[in-house]
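Engineer: Protein chains in written order, with the numbering used here: chain B, 806 to 1217; chain F, 20 to 162.
Simulated from the structure, these hints should not be mistaken for laboratory data.
Possibly wrong hints are sitting among the right ones.
[What the hints assert, rightly or not] Listed below are the simulated DSS-like cross-link pairs for lysine-lysine, each with C-alpha atoms no more than 30 angstroms apart in a straight line:
1) K888/B - K1126/B
2) K1217/B - K63/F
3) K75/F - K1217/B
All of these numbers come straight from a predicted model, not from anything done at the bench.
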Amino acid sequence: MKAPVTSHINLAELRKKFPVLHQQVNGRNLVYFDNAATSQKPLSVINALTEYYSGYNANIHRGIHTLAEKATKAYEETRHAVKSFINADSAEEIIFVRGVTEAINLVASSYGRAHIQAGDEIILSGLEHHSNIVPWQLLREEKNAVLKVIPVLENGELDIDAYRKLLTSKTKLVAVNHASNSLGTINPVKEIIDLAHRAGAVVLIDGAQAGAHLPIDVQQLDCDFYCLSSHKMYGPTGTGILYGKRRLLEQMPPYQGGGEMIKEVHFEKTTFNDLPYKFEAGTPNIADVIAFRKAIDFIMETGKEAIALHETELLRYATEKIAALPAVKIVGNAQHKVSVVSFIVDRIHPFDIGQMLDARAIAVRTGHHCTQPVMERFGIEGTVRASFAVYNTKQEVDQLVEGLSRIINFMK
Amino acid sequence: MKSIIDIQNEIINEFSLLDGDKEMTVFYIMELGQRLPAMKDEDKTEEHIVKGCQSKVWLTATLEDGRVWFTADSNTAITKGLVSLLIRIFNGQPAESILNAELFFMNKIGMERFIGTQRSNGFAAMIRQMKLYALAFKAQQEA
C-alpha cells in the first residue's frame, strides 16, 4: 500500500530561515499572506547580499582584478543555476532583467518591433497582469497590429475552445501567464504553446506566479520565451530573467544600448556582443543576481514537489474554511490552482477587510491586483487575496478565518 | 454650537479610550461611519467624488443661514467613518471658521498608524475638498 502523500517539510525549521516572519505587528504575530506580490527572503539570500557588498563588490566582466573575477564568477553562476532550474538548453539563453515586466517589454520592443507587422495578431488571455497587456498595446499602436483575448470561463479557467478559434494564419505571437496572479488558475500552457506553434506563432509565458510553485521545463514546454521575477521566488527584488530560444534571441535587435552589450564601438558603426550580453546593457544588478542564486538553491533544496504538496494542502484547507464563512464568495475555482485564494464578501469592501485584517497582523492584498480585465470579467471592483508560500501554516490560515469571521459579524 | 477646537478635543478623548488598540480603533471608525446620515443616491454623482481618494467618497455641501452643512458617503466603511469625523467637526460652522480651522486631532490620535498612508492622503483630500466648499460659500456671501 502506498503511503499517504504528505509533505516532508519541517515547517518549524524552515520558518527559522526567514527572519522577517518572527515579528509582531500591532501586538500580534505577523501572518504574511501576500506572497503572490512578493515572497519573504531566507537568510541565505540576505547574507549573500551582505557578503557581496562587504567582500567582493566589483563591476563584472572585463575586470582583471581578483574582486571583479570573483563577482563575475558568482554572477554567471546564477545564470547557470537558472538554466538548470528551467532546463534551458544553454546559459546564453538566460538574460538578466529587472523582472517579468522588463522581460515582456524587452520581447515586445525587440522581437515585436522586428517581427510584428500591420494587421498581425497577438493573442493574450483575459487572465493577464497589466504588465502582460500594456507592452502589447504599445506595440499594437505602433504597428497597427491586432490584439485578441482568450476569454475566461466562470470558474476562472481559460476557454481553450475559444482560443483555438482565435488562432489564425495572422497570429504571430501568444502571450499568457503560467498561473494567474489574481485567481491562481494554472493555465494549460503546454497545450496553448502547441496550438500556437501549429498556427506558426511564437509564445511568451509569464512565469511570475509559477517560479516558486510549479515545475518549469522550457524545453519540454517548447515555449519561445519564458519570464521569471526573483522577488516572487524568495529572491531579491529588482532582478529576474528572460529565457528565449537562442535562434530567436540571435535574430532580435538589441533592446537597450550601452556598455556590456557591444563588441566594438566606432562612430561609423557599432557591432553587438554575443548572447546573452547583447541584451544586458550597462552595469547589471550584480548583488541581487548573485543572491538570486541562493533563492533558487532554497527552492531546490526544499524540493518543488514538497513545496507543491504543502501549498496545495494549505490552499485546500483555506478554500474550504473561507468558503464556509457566511456571505463569502471565492472568485476563481479552477481545477488546478497555485496557492492563491481570491474572495469577496457581500457588502464589505475589500479595502475594509484588508485594513481590518492588518489590525490583526494579517497581511493580504486587496483591490484589482493589476488585473482590471479579470475584475471586469467577474463584474467586481476587486477582491481580497490571500496567497501562500512554503513557510505558511494551517494555524495562520485559522487566524485569517477567525479575523474574517469577526469582521463579517461586526458588519452584519 | 461647539467650536471646532472643542469638537476635536472630544474626538481625541473618545479615541483615547481605545487605548491605541488598532483593531478596536478601526472597528470604532467604521461604527461612526454607520451612524452617518444617508446621502441621497442622486447626489452620488461623478462631480461629487473627492479626487485623491482610493475609495470612492462623495461629498456635497449647502449653506443655510450662514452655516455650512455637509453630506457624504463612501463605498468603503472605514472611509465613511473618516469622513463622518470631519462632518462632525465642520457641520453647522460658518464658512470662515472652516476655512481657518486647524485640524490637530489626527496627529493627537495617531491616525496614520491606524489607517495607513494611502488613506491618510485620501483623508487630506477630503479636508481640502471641504475647505474648497467653504471658500466658495465665503465668496458667495461676500459677493
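Engineer: Next, verify each hint and record whether it holds.
Structural biologist: So, going through the hints one by one against the coordinates:
With a C-alpha separation of about 39 angstroms, the suggested pair K888/B and K1126/B falls outside the 30 angstroms cut-off, and the hint is violated. A hinted pair counts as satisfied when its Cα atoms are at most 30 angstroms apart, and K1217/B with K63/F qualifies at roughly 24 angstroms. Proximity of K75/F to K1217/B is assessed by CA-CA distance (about 21 angstroms); at most 30 angstroms being required, the pair is judged to hold.
The earlier numbered hint that this structure contradicts is number 1, and it is the only one.
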